[in-house]
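**Student:** Spelled out from the first residue to the last, the chains are:
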Amino acid sequence: NAGVMQNPRHLVRRRGQEARLRCSPMKGHSHVYWYRQLPEEGLKFMVYLQKENIIDESGMPKERFSAEFPKEGPSILRIQQVVRGDSAAYFCASSPWTEGSPLHFGNGTRLTVT
Amino acid sequence: KNEVEQSPQNLTAQEGEFITINCSYSVGISALHWLQQHPGGGIVSLFMLSSGKKKHGRLIATINIQEKHSSLHITASHPRDSAVYICAVRTKTSYDKVIFGPGTSLSVIP
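Chains as they are written, first to last, in this note's numbering: chain A, 1 to 114; chain B, 115 to 224.
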């Protein structure tokens, strides 16, 4: 049973380009969480999704950022018109249900904006 | 004041020493995670606790729900234990929102 898969591991984008980060949860997991870790800072919640639903996006910047978790396929975190301040590690975690279930983390995508 | 705090922020230990990292929180929780992150690496969940104590190898985690406090202990520390240790709580909201502590950076010197 493969763990949470994130790709790419490293992503370099120029300012103004779009970044697409993918997260395939563990098999059987229908809950996906995205977190961001800025350089020298701790992890911060961004968004929580279930299949085809955004449950909580209170941690997402109001502009340029969006997330989806379609019925089929991975969850996508999309950042439009990237800026240098978007450079960070983006982690995805999944769980089979919510209350009381363990979280399983991916290895993260390290985004560098040049 | 942060909802989840950890101490110490940084810790340097000699190989073989007994290490304790503390976590205190101010919100109601359904569970608490201890996570490990190596430099440039992914995040590994070490423990999930809702009460009492858990042990895995040289690692021990305890939680006191009444005092809103948890500790992570490492016995006979080793340089490969060098990492950032993060306390994360699952809050009692309509769903399990996770709040992370700032992390404790541990360096174990041979």
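Hints listed in this document are in silico derivations from the structure and should not be mistaken for laboratory results. All figures in this text were calculated on a predicted structure; none of them were measured in a lab. A virtual CB, placed ideally from N, CA and C, is assigned to each residue, including glycine. Watch out, some of these pointers could steer you wrong.
[What the hints assert, rightly or not] To spell it out: a stretch of chain B is covered by chain A in this simulated footprint if at least three of its residues, at any positions, have a beta carbon under 8 angstroms from a beta carbon of chain A; those stretches are:
id, segment
1, 126 to 139
2, 214 to 223
[Unchecked claim] Derived, one-sided and incomplete: chain A residues facing chain B with beta-carbon distance under 10 angstroms:
id, residue
3, E41
4, P70
5, G85
6, P102
**Student:** With a cut-off of 10 angstroms, does the beta carbon of A:E41 approach a beta carbon of chain B closely enough for the hint to hold?
**Tutor:** holds, 8 angstroms
**Student:** Holds or violated: the hint that A:P102 contacts chain B, with Cβ atoms closer than 10 angstroms.
**Tutor:** holds, 5 angstroms
**Student:** How does the segment 214 to 223 of chain B fare against chain A when you require at least three residues with a CB closer than 8 angstroms, holds or violated?
**Tutor:** Check passed, 4 qualifying residues.
**Student:** The segment 126 to 139 of chain B covered by chain A? Criterion: 3 or more residues, Cβ-Cβ distance below 8 angstroms.
**Tutor:** Violated, because only 0 residues of the segment 126 to 139 of chain B bring their Cβ atoms closer than 8 angstroms to Cβ atoms of chain A.
**Student:** Do the numbers back the hint for A:G85, that is, is its least Cβ distance to chain B under 10 angstroms?
**Tutor:** This interface hint is violated because 20 angstroms lies over the 10 angstroms limit.
**Student:** For the restraint on A:P70, tell me whether the closest CB of chain B is nearer than 10 angstroms.
**Tutor:** This hint is violated: A:P70 lies away from chain B, its Cβ roughly 20 angstroms from the closest one there, beyond 10 angstroms.
When each numbered hint is compared with the structure, violations occur for hints 1, 4, 5.
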